[in-house]
Amino acid sequence: MARAISTRRQITVTILAWVIGITIFFPILWTILTSFKTEAEAIASPPSLFMFDWTLENYGEVQERSNYFRHFSNSVIISLGSTVLGLLIAIPAAWSMAFVPAKRTKDILMWMLSTKMLPPVGVLIPIYLIFRDTGLLDTRIGLVIVLTLVNLPIITWMLFTYFREIPGEILEAARMDGAMLWDEIVHVLTPMAIPGIASTLLLNVILAWNEAFWTLNLTAAKAAPLTAFIASYSSPEGLFYAKLSAASTMAIAPILILGWFSQKQLVRGLTFGAVK
Amino acid sequence: MLSPAVLLLLAWMIVPLTMTIYFSFLRYNLLSPGINAWAGWSNYQYFLTDPAFFAALTNTLLLVVGVLLITVIGGTLLALLLDQPIWGQGVVRILVLAPFFVMPTVSALVWKNMFMNPVNGLFAYAAKAVGLQPFDFLAHAPLASIILIVAWQWLPFAALILLTALQSMDQEQMEASEIDGAGPFSRFFYLVLPHLSRAITVVILIQTIFLLSIFAEILVTTNGGPGYASTNITYLVYAQSLLQFDVGGGSAGGIIAVILANIVAIFLMRMIGKNLEA
Amino acid sequence: MGSIKLNKVTKSFGSTQVIPPLDLEIQDGEFVVFVGPSGCGKSTLLRLIAGLEDVTSGMIEINGVDATQTPPSKRGLAMVFQSYALYPHMSVRKNIAFPLKMAKLAPEERDQKVENAASVLNLTDYLDRRPGQLSGGQRQRVAIGRAIVREPDAFLFDEPLSNLDAALRVNMRLEISELHQTLATTMIYVTHDQVEAMTMADKIVVLNAGHIAQVGSPLELYHKPANVFVAGFIGSPKMNLVTGPDAQAMDAHTIGVRPEHITISEGGGTWTGKVGVSEHLGSDTFLRVNVDGVGTLTVRASGEVALRHGDSVSLIPEEGKVHRFDADGLAMQ
Numbered sequence: 001m002a003r004a005i006s007t008r009r010q011i012t013v014t015i016l017a018w019v020i021g022i023t024i025f026f027p028i029l030w031t032i033l034t035s036f037k038t039e040a041e042a043i044a045s046p047p048s049l050f051m052f053d054w055t056l057e058n059y060g061e062v063q064e065r066s067n068y069f070r071h072f073s074n075s076v077i078i079s080l081g082s083t084v085l086g087l088l089i090a091i092p093a094a095w096s097m098a099f100v101p102a103k104r105t106k107d108i109l110m111w112m113l114s115t116k117m118l119p120p121v122g123v124l125i126p127i128y129l130i131f132r133d134t135g136l137l138d139t140r141i142g143l144v145i146v147l148t149l150v151n152l153p154i155i156t157w158m159l160f161t162y163f164r165e166i167p168g169e170i171l172e173a174a175r176m177d178g179a180m181l182w183d184e185i186v187h188v189l190t191p192m193a194i195p196g197i198a199s200t201l202l203l204n205v206i207l208a209w210n211e212a213f214w215t216l217n218l219t220a221a222k223a224a225p226l227t228a229f230i231a232s233y234s235s236p237e238g239l240f241y242a243k244l245s246a247a248s249t250m251a252i253a254p255i256l257i258l259g260w261f262s263q264k265q266l267v268r269g270l271t272f273g274a275v276k
Numbered sequence: 277m278l279s280p281a282v283l284l285l286l287a288w289m290i291v292p293l294t295m296t297i298y299f300s301f302l303r304y305n306l307l308s309p310g311i312n313a314w315a316g317w318s319n320y321q322y323f324l325t326d327p328a329f330f331a332a333l334t335n336t337l338l339l340v341v342g343v344l345l346i347t348v349i350g351g352t353l354l355a356l357l358l359d360q361p362i363w364g365q366g367v368v369r370i371l372v373l374a375p376f377f378v379m380p381t382v383s384a385l386v387w388k389n390m391f392m393n394p395v396n397g398l399f400a401y402a403a404k405a406v407g408l409q410p411f412d413f414l415a416h417a418p419l420a421s422i423i424l425i426v427a428w429q430w431l432p433f434a435a436l437i438l439l440t441a442l443q444s445m446d447q448e449q450m451e452a453s454e455i456d457g458a459g460p461f462s463r464f465f466y467l468v469l470p471h472l473s474r475a476i477t478v479v480i481l482i483q484t485i486f487l488l489s490i491f492a493e494i495l496v497t498t499n500g501g502p503g504y505a506s507t508n509i510t511y512l513v514y515a516q517s518l519l520q521f522d523v524g525g526g527s528a529g530g531i532i533a534v535i536l537a538n539i540v541a542i543f544l545m546r547m548i549g550k551n552l553e554a
Numbered sequence: 555m556g557s558i559k560l561n562k563v564t565k566s567f568g569s570t571q572v573i574p575p576l577d578l579e580i581q582d583g584e585f586v587v588f589v590g591p592s593g594c595g596k597s598t599l600l601r602l603i604a605g606l607e608d609v610t611s612g613m614i615e616i617n618g619v620d621a622t623q624t625p626p627s628k629r630g631l632a633m634v635f636q637s638y639a640l641y642p643h644m645s646v647r648k649n650i651a652f653p654l655k656m657a658k659l660a661p662e663e664r665d666q667k668v669e670n671a672a673s674v675l676n677l678t679d680y681l682d683r684r685p686g687q688l689s690g691g692q693r694q695r696v697a698i699g700r701a702i703v704r705e706p707d708a709f710l711f712d713e714p715l716s717n718l719d720a721a722l723r724v725n726m727r728l729e730i731s732e733l734h735q736t737l738a739t740t741m742i743y744v745t746h747d748q749v750e751a752m753t754m755a756d757k758i759v760v761l762n763a764g765h766i767a768q769v770g771s772p773l774e775l776y777h778k779p780a781n782v783f784v785a786g787f788i789g790s791p792k793m794n795l796v797t798g799p800d801a802q803a804m805d806a807h808t809i810g811v812r813p814e815h816i817t818i819s820e821g822g823g824t825w826t827g828k829v830g831v832s833e834h835l836g837s838d839t840f841l842r843v844n845v846d847g848v849g850t851l852t853v854r855a856s857g858e859v860a861l862r863h864g865d866s867v868s869l870i871p872e873e874g875k876v877h878r879f880d881a882d883g884l885a886m887q
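Residue numbers (my numbering), protein chains in the order written: chain A, 1 to 276; chain B, 277 to 554; chain C, 555 to 887.
So here's chain A without its partners, still in its complex pose (with noise of 0.2 Å):
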């Protein structure tokens, strides 16, 4: 829409949505900034914006103190583990689901989406004493498997909302072209769908890697992913802001970067194509 607006109001408005974003954004930024002061200047009062002297003696601490790493490569391991194997089992559901569609194909899909109503305390005891007995308990193996079936609906939804956009016509004049089936998946339906492949997997390891029920109540110190190496810091650690503003910023940093390059995607998956 071409028209003119008053530069008045455009600078009133950006000063409103600036401030406004800052204030959202306010907790991650402080959280970040106490990361590199002392602990001393870190609960100094008054409180100091940018003016102390930056160290990074907190990250080493952190690093030392709890193995960062070992759980970072946890989250990683999990998170990842979880959605790839994910994919394998929805992409041949999601495609099945779009190009061959049976009469209780949208029943299935509706059934698939409500299982995610399904409290997860509902099932919580039986699955502690599974894992117990099977030695899955705090483990990485066991993790990925419940991260999978938490997540399998919402892949196959999104992965059968992106599917059901690649007109039929393009298969039929494949198959016209004299491709078989296998030709059709490999050089068409494949290299079609990787946009949206790659935004449910975007979508999906983050999902997985701020999971917070089943993280918490399945692993101890073994498997323990970030969220649940944060959740040691609930009492009483936490009252060494820097070291937990540390920790905090390097359990969010590596998801809040890949989210902020994939916003994009993100809206359209996380709500299953259903605004564009």
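Derived from the structure by calculation, the hints contain no laboratory data.
Each hint should be verified, as a subset may be incorrect.
Claimed, not checked - Pairs of lysine to any residue, SDA-like flavour, derived with a Cα cap of 25 Å:
{"id": "1", "chain 1": "C", "residue 1": "K648", "chain 2": "A", "residue 2": "E41"}
{"id": "2", "chain 1": "A", "residue 1": "K103", "chain 2": "B", "residue 2": "P470"}
{"id": "3", "chain 1": "A", "residue 1": "K106", "chain 2": "B", "residue 2": "V282"}
{"id": "4", "chain 1": "A", "residue 1": "K106", "chain 2": "C", "residue 2": "S569"}
{"id": "5", "chain 1": "A", "residue 1": "K264", "chain 2": "B", "residue 2": "P470"}
{"id": "6", "chain 1": "A", "residue 1": "K116", "chain 2": "B", "residue 2": "L536"}
{"id": "7", "chain 1": "C", "residue 1": "K658", "chain 2": "A", "residue 2": "H187"}
{"id": "8", "chain 1": "C", "residue 1": "K658", "chain 2": "C", "residue 2": "R684"}
{"id": "9", "chain 1": "C", "residue 1": "K628", "chain 2": "A", "residue 2": "I185"}
{"id": "10", "chain 1": "C", "residue 1": "K655", "chain 2": "A", "residue 2": "L171"}
{"id": "11", "chain 1": "A", "residue 1": "K116", "chain 2": "B", "residue 2": "I485"}
{"id": "12", "chain 1": "A", "residue 1": "K106", "chain 2": "C", "residue 2": "T570"}
{"id": "13", "chain 1": "C", "residue 1": "K628", "chain 2": "A", "residue 2": "I166"}
{"id": "14", "chain 1": "A", "residue 1": "K103", "chain 2": "B", "residue 2": "A287"}
{"id": "15", "chain 1": "B", "residue 1": "K404", "chain 2": "A", "residue 2": "E41"}
Position chains B and C relative to chain A; hints supplied.
Leaving out everything else, chains B and C in the frame of chain A:
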């Protein structure tokens, strides 16, 4: 090709759920293994008559409704604001979106210690600076504080989705309404809001799924306290089964949670089924 | 190579039969146009021939061989879709080469054929672009190129011009006709536009609700419509169809006169009416004349006519050019 996914999900739902139902009729405590006597409905009776249950039920609903209200209304306003021409819009959007990527344990801990702490928190400092008594948020208004924390995490999600929906609005429709003499308010209520209804439905559905099972935020801030002031059903079941080792009682609670969630689910799925395919 | 024969072919979706038993023969090298209003089953018929839909019963023969159960990839046909259906992730070159790749041709041979097709279709400069960077007409050419390189027994076109603007449509129409003359390959072309049908076809198949209403050359259909439906569908502006006393006077249920077969007379005629809307095209003038008891008749007059809204005119249908139809809508001799 569909069957592996369906079978896995079925197994994931039915096996543990059946076990939970079975356990819920047993006198089953992890501290006294071996004595798994049939308990009939007594676990349910115990759980439902426990005053903690009603506190938890109320808290669960307050938490869901409170966060939904803040995020939907706040998100709509924020989306309307960000839809205006702004210098540096991309940067503002990134700032606003950030809390969504913060894991629940981190946001809860940061808010609890660095903002709401009555001694060293920023809010306490701000109160003192203007001559007020620092307020101990998590001790005196634990549920409201948790609602605030959770709403902060979910506001970006609502705002971003609503913004995306706003940007798909038909500009000619807006211009036509202006020519028809509609002011900004009637335009909002008669054009913008109906256009957003689908997106709002999506926001409510997805958030409700996650909000019904809020856990980590409570675990690391208040542990459900003081008393049961910030215990929701999820946390209550967790406490019953994994802190008091009462598997039977916890299972009964779990089943009740499932039933409650299903009531909400039926309601929501109806709404969604209508709105999503339209 | 390129004869197609349909033998009692039917198609049902669930319990609805969209194609009742249908027989049709298409000779090698013919340009056949399936035309009819939307929903008449013309696209379904094309897709049955392509193999994209399975016939419910009946037999499809291609080159004298039963192809009813042959998958689309093995029928030796090429198709151009309404949406062009280009592969968006491939360059123009790769799009055109795709059928050759599927046929496992050597890369050098592939390149040679792609270059040839591209030069025929004026696409040489665009070979390395993606379909998204092309205009509608160029995309259409790529789709045709992809069909040409296969050297198929027959080309199938499914409303290929409906997404183009009017001027481009006329150009592409000519290009496809020229292509048919060069290649002399069987072409089956589906459209709802009777002008396309009339200008391009050797043989027109007019379809109505799954039935074949008439098969014939464009001029046969124009001069001897077999029924009211074809009479009303072929020709622009539409034939005037009149029922009632005027028809009964000629022992018919309905009579039809084309606008170009009515002359305007100054004094007295079969019908008298008042001029409503007149459309001046320069070369011709189309007058809508409101005749009491008959309705609105369209009349074509050569050149410019100095008649205005409300003027009274008399109309005389040309001798021997009046079509008569019985109560079932069939033409009477």
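Hint check:
no.	hint	result
1	K648/C to E41/A	violated, 63 Å
2	K103/A to P470/B	violated, 31 Å
3	K106/A to V282/B	holds, 13 Å
4	K106/A to S569/C	holds, 22 Å
5	K264/A to P470/B	holds, 23 Å
6	K116/A to L536/B	holds, 14 Å
7	K658/C to H187/A	holds, 14 Å
8	K658/C to R684/C	holds, 23 Å
9	K628/C to I185/A	holds, 18 Å
10	K655/C to L171/A	holds, 16 Å
11	K116/A to I485/B	holds, 7 Å
12	K106/A to T570/C	holds, 23 Å
13	K628/C to I166/A	holds, 24 Å
14	K103/A to A287/B	holds, 23 Å
15	K404/B to E41/A	holds, 18 Å
In summary, the structure is inconsistent with hints 1 and 2 from the numbered list given earlier, while agreeing with the others.
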